[in-house]
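Going down the list, the sequences are from chains Y and A. Taking UniProt numbering, the leading residue of the first sequence gets 1, the next gets one more, and so forth. Taking UniProt numbering, the leading residue of the second sequence gets 1, the next gets one more, and so forth.
Fair warning: there could be bad hints in the mix.
[Stated by the list, open to error] Per label pair, the in silico range of CB-to-CB distance:
#, chain 1, residue 1, chain 2, residue 2, range
1, Y, Lys102, A, Asn180, 46 to 52 Å
2, A, Lys325, Y, Lys67, 31 to 37 Å
3, Y, Glu40, A, Lys85, 42 to 48 Å
4, Y, Glu63, A, Ser190, 29 to 35 Å
5, Y, Gln120, A, Pro241, 38 to 44 Å
6, Y, Thr58, A, Ser136, 37 to 43 Å
7, A, Glu224, Y, Val65, 34 to 40 Å
8, Y, Gln120, A, Arg20, 23 to 29 Å
9, Y, Ser104, A, Glu224, 23 to 29 Å
10, Y, Leu60, A, Asp106, 37 to 43 Å
11, Y, Arg42, A, Arg20, 23 to 29 Å
[Stated by the list, open to error] Here are some chain A residues pointing at chain Y (derived, C-beta under 8 Å):
#, residue
12, Tyr18
13, Glu21
14, Asn41
15, Arg44
16, Ser47
17, Leu87
18, Thr89
19, Met107
20, Lys227
21, Gly282
22, Gly289
23, Gly310
24, Ser326
[Claimed, not checked] Straight-line Cα separation of at most 27 Å, DSSO-like style, residue types lysine-lysine; simulated pairs:
#, chain 1, residue 1, chain 2, residue 2
25, A, Lys88, A, Lys267
26, A, Lys210, Y, Lys74
27, A, Lys242, A, Lys178
28, A, Lys178, A, Lys212
29, A, Lys227, A, Lys210
30, Y, Lys102, Y, Lys85
31, A, Lys323, Y, Lys59
32, Y, Lys77, A, Lys242
33, Y, Lys150, Y, Lys123
34, A, Lys30, A, Lys212
35, A, Lys30, Y, Lys82
36, Y, Lys67, A, Lys17
37, A, Lys85, Y, Lys102
38, Y, Lys36, Y, Lys59
39, A, Lys227, Y, Lys82
40, Y, Lys73, A, Lys88
It should be emphasised that the hints constitute simulated quantities derived from the structure, not laboratory data. Please read these numbers as outputs of a predicted model, since none were measured by experiment. We put the beta carbon where it would ideally sit given N, CA and C, even for glycine.
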Amino acid sequence: MPADTLASTKPSWADEVEEEEDAFQTQVYTDENGLKVIVEYRDNDDGKKVKVTRKIRTKLVTEYVNKAVAERKKWAKFGEEKGNKPGPDLSTTTIGENIPLKLSSSYAKTPTAEQQVDEQEVKMRAALKSKNIMCRICKGEHFTSKCPYKDTLQPLDEIAASLEGVKNEGSSRPESPEPSGGSGMGPNKYIAPHLRKGATAVGESPREKRDDSATLRVTNLSEDVTENDIYELFRRFGQISRVYLARDRETGVCKGFAFVSFGMKEEAERAQQAVNGLGYDSLILRVEFARSS
Amino acid sequence: MRPILLQGHTRSLTQIKYNREGDLLFSVSKDKIVNVWYSHNGERLGSYAGHQGAVWTVDVNSTSTMAITGSADNTAKLWNVQTGKCLKTWEFKTAVKRIEFNEDDDMALCVTEERMGFPGTVTVISINPDLEAAQSDEPVVTIVNDGGPKAVVAGWTYLNKFIICGHVDGSITQWDWKANEKLNTIKPHSESLTDIQFSTDRSYFITSSKDKSAKIFDTITLDELKKYETDTPLNSASITPKFQEFVIVGGGQDAMNVTTTSARAGKFECRFWHKILEEECGRVRGHFGPINTIAVHPDGKGFSSGGEDGYVRVHTFDSDYFKFKSDH
Chain Y
1 MPADTLASTK PSWADEVEEE EDAFQTQVYT DENGLKVIVE YRDNDDGKKV KVTRKIRTKL
61 VTEYVNKAVA ERKKWAKFGE EKGNKPGPDL STTTIGENIP LKLSSSYAKT PTAEQQVDEQ
121 EVKMRAALKS KNIMCRICKG EHFTSKCPYK DTLQPLDEIA ASLEGVKNEG SSRPESPEPS
181 GGSGMGPNKY IAPHLRKGAT AVGESPREKR DDSATLRVTN LSEDVTENDI YELFRRFGQI
241 SRVYLARDRE TGVCKGFAFV SFGMKEEAER AQQAVNGLGY DSLILRVEFA RSS
Chain A
1 MRPILLQGHT RSLTQIKYNR EGDLLFSVSK DKIVNVWYSH NGERLGSYAG HQGAVWTVDV
61 NSTSTMAITG SADNTAKLWN VQTGKCLKTW EFKTAVKRIE FNEDDDMALC VTEERMGFPG
121 TVTVISINPD LEAAQSDEPV VTIVNDGGPK AVVAGWTYLN KFIICGHVDG SITQWDWKAN
181 EKLNTIKPHS ESLTDIQFST DRSYFITSSK DKSAKIFDTI TLDELKKYET DTPLNSASIT
241 PKFQEFVIVG GGQDAMNVTT TSARAGKFEC RFWHKILEEE CGRVRGHFGP INTIAVHPDG
301 KGFSSGGEDG YVRVHTFDSD YFKFKSDH
């Protein structure tokens, strides 16, 4: 029937899809340089189709050998290889990666890549030595992050002590370790928390106690006050170790109060007396000592 | 150069040996297997089955008709190279650590281990070159180093005049094997010898030792001619016969012995030293474990190394190897 013939000549979508599949056939041809080219299509690990092109250069090497050698080439395979076809078996014989043999008379003197890296490190350290790098943990001449004793627990208190010391003296580093540097300072002795220097039996570390005794709570702050404003307002009274501005979690807007921690209790007292009642952004500020609950 | 990797063994290689023309490479390993390969393309020709223990050593005669192996099962076996058939088994009291045909292929020396009250010996057995003939059981002579340190390696000198033995304490002895008499002893190494390989004419030989050095000696006078000091215990040393005056040494400390490791894999290297100038000239890396054995192709165009990792790497030198001239 005419309708049927029309339908059969019109290419259906199913046929079109099939044609696409045919396009991904393995092709083998020889290109203009005489290289044999094999083009394959396959799915890689991600499930994507990849086109793999292999170019193979075949070189025919004619070697003149001893007659005995030629004879041996014809021997039948035996033992584990018995019955195998001629030619190397890929399970036993593979080609390794290209390894250059660089011959030179002064091989031993040329630094290898590793040696060069080491040399660079040494140079860097020497350059930095002149800048007086000191580690906060063990006071050695290296960066704190490069300290070999980085992961022992004790140093945390020493860092705090040295930080306090830094604030107290106002210099870039203390000249000597804290006198209460304490029992067993060093990498090899573990000291239980309650036995460490300055620790109380209750388990509260001295650092926190000091902090709270010099911490002020500032209330009646306006909404657009920032940490920086607090910092600027209080820094004239002494070194500020911490500013915490309470913010609403969702909106980020100031909740109206903040905590300021000073290095010294005296600084906190002075600040409290000075700022309490101060007008700031059309609100009267209230400052009192923080009560930790 | 692109080395050919031969993966015919599952355990570490103990010795590899080229035949006289260099077209065949024999490899033996602790996995009891003896393999023979075509060296030009790495194709395996076959394997010899029969040993019940780790095979420590192999040698092939100059006509490539017979091969001989020594094993930890206290035997040495003679094989027909072409068919793979075992022609003869010699029983010993202890493991056979080194075996070598003499220059006439009618005798072989076997270095046996010292164990369980049996002293280490160097036994000379006689071989009938006829493949069909029966082989003798009786050793020609058994050399025992009276109370002294056991021999770990040994080799024939030219014209089969003497046998040179390397011992576990680092000493080297020279024997007139016909008279079973020790002629000379020297102690050049501070630790055990690991390998001894002769020059093509056998007038000098190179030894490698765990004391991180390799040395060359004159066969007759035992004068120390050259010394190569490295930074790693050496397991093998070989002399290039043609084109260039090199010695190739290799070794390495096993991972469990090393305390400071660099994270590079494939870092065990064969080192090339200039034989005369005693200078290191280059390295070829690639093995994943210590190199246990090195053999140079008799035509000087390549070399092979067998490692603790179970691989044999067959290298063929690039053209720049042959053009290298030391600038001295």
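Now for the hints, and whether the structure bears them out:
Remark: the range hint 46 to 52 Å for Lys102(Y) to Asn180(A) is upheld by a beta-carbon distance near 49 Å. Distance hint for Lys325(A) and Lys67(Y): a CB-CB separation of about 35 Å, consistent with the stated range 31 to 37 Å. At about 45 Å, the beta-carbon gap between Glu40(Y) and Lys85(A) stays in the expected band of 42 to 48 Å. Glu63(Y) and Ser190(A) have their C-beta atoms about 45 Å apart, which leaves the hinted 29 to 35 Å range violated.
For Gln120(Y) paired with Pro241(A), a C-beta distance near 42 Å keeps the hint of 38 to 44 Å intact. Taking the beta carbon of each, Thr58(Y) and Ser136(A) are about 51 Å apart, not inside 37 to 43 Å as hinted. In this structure the hint that Glu224(A) and Val65(Y) lie 34 to 40 Å apart at CB holds, the actual value being about 38 Å. Range check, Gln120(Y) to Arg20(A): Cβ separation about 51 Å, and the 23 to 29 Å hint is violated.
The hinted range of 23 to 29 Å is satisfied by Ser104(Y) and Glu224(A), whose Cβ atoms lie roughly 27 Å apart. Hint check: Leu60(Y) to Asp106(A), Cβ distance near 42 Å, so the stated range 37 to 43 Å holds. One distance hint, 23 to 29 Å for the beta-carbon pair Arg42(Y) and Arg20(A), is violated here, with the actual separation near 47 Å. With a cut of 8 Å, the hint placing Tyr18(A) at the interface with chain Y is violated, because the nearest CB-to-CB distance is about 12 Å.
Taking 8 Å as the C-beta contact cut-off toward chain Y, the hint placing Glu21(A) at the interface holds, the least distance being around 5 Å. Of the supplied interface hints, the one on Asn41(A) holds, with its beta-carbon coming within about 6 Å of a beta-carbon of chain Y, less than 8 Å. This hint holds: Arg44(A) has a C-beta 5 Å from the nearest C-beta of chain Y, less than the 8 Å allowed. Proximity of Ser47(A) to chain Y holds as hinted, the smallest CB-CB distance being about 3 Å (cut-off 8 Å).
Here the hint on Leu87(A) is broken, as its CB sits about 14 Å from the closest CB of chain Y, past 8 Å. A cut of 8 Å between beta carbons decides the hint on Thr89(A): the least distance to chain Y is about 17 Å, and the hint is violated. Using the Cβ-Cβ criterion of 8 Å, the hint placing Met107(A) at the interface with chain Y is not satisfied: the shortest such distance is roughly 23 Å. This hint is violated: Lys227(A) has a C-beta 15 Å from the nearest C-beta of chain Y, more than the 8 Å allowed.
Using the Cβ-Cβ criterion of 8 Å, the hint placing Gly282(A) at the interface with chain Y is satisfied: the shortest such distance is roughly 4 Å. The beta carbon of Gly289(A) comes no nearer than 15 Å to any beta carbon in chain Y, farther than 8 Å, and the hint placing it at the interface is violated. Annotation: interface hint on Gly310(A) violated; nearest CB of chain Y at approximately 12 Å, more than 8 Å. Checking Ser326(A) against chain Y: minimum C-beta separation of about 5 Å stays under 8 Å; hint holds.
Restraint check: the Cα-Cα separation between Lys88(A) and Lys267(A) comes to about 41 Å, which exceeds 27 Å; the hinted pair is violated. Distance restraint check for Lys210(A) and Lys74(Y): the Cα-Cα separation of roughly 42 Å exceeds the 27 Å cut-off, and the hinted pair is therefore not satisfied. Distance restraint check for Lys242(A) and Lys178(A): the Cα-Cα separation of roughly 33 Å exceeds the 27 Å cut-off, and the hinted pair is therefore not satisfied. As the CA atoms of Lys178(A) and Lys212(A) are separated by approximately 34 Å, the hinted pair breaks the 27 Å bound.
Only pairs whose Cα atoms come within 27 Å are accepted, and Lys227(A) paired with Lys210(A) is accepted, the gap being roughly 14 Å. Pair hint Lys102(Y) plus Lys85(Y) does not hold up; C-alpha atoms about 38 Å apart against a cutoff of 27 Å. Taken as a hint, the Lys323(A) and Lys59(Y) pair is honoured in the structure, with Cα atoms around 23 Å apart against an allowance of 27 Å. A threshold of 27 Å between alpha carbons decides the hint, and for Lys77(Y) with Lys242(A) the separation of about 31 Å lies outside it, so the pair is violated.
A hinted pair counts as satisfied when its Cα atoms are at most 27 Å apart, and Lys150(Y) with Lys123(Y) qualifies at roughly 23 Å. Annotation: proposed proximity of Lys30(A) to Lys212(A) holds, straight-line Cα distance about 24 Å (limit 27 Å). Restraint check: the Cα-Cα separation between Lys30(A) and Lys82(Y) comes to about 22 Å, which is no more than 27 Å; the hinted pair holds. Taking the CA atoms of Lys67(Y) and Lys17(A), the gap is near 21 Å; set against the 27 Å cutoff, the hint holds.
Between Lys85(A) and Lys102(Y), the direct Cα distance comes to roughly 43 Å. Violation of the 27 Å bound is thereby established for this hinted pair. A C-alpha spacing of about 12 Å is found between Lys36(Y) and Lys59(Y), which places the hinted pair at or below 27 Å, so the restraint holds. A C-alpha spacing of about 46 Å is found between Lys227(A) and Lys82(Y), which places the hinted pair above 27 Å, so the restraint is violated. With a CA separation close to 25 Å, the supplied pair Lys73(Y) and Lys88(A) stays within the 27 Å bound.
Hint compliance for this structure: hints 4, 6, 8, 11, 12, 17, 18, 19, 20, 22, 23, 25, 26, 27, 28, 30, 32, 37 and 39 are broken, all remaining hints hold.
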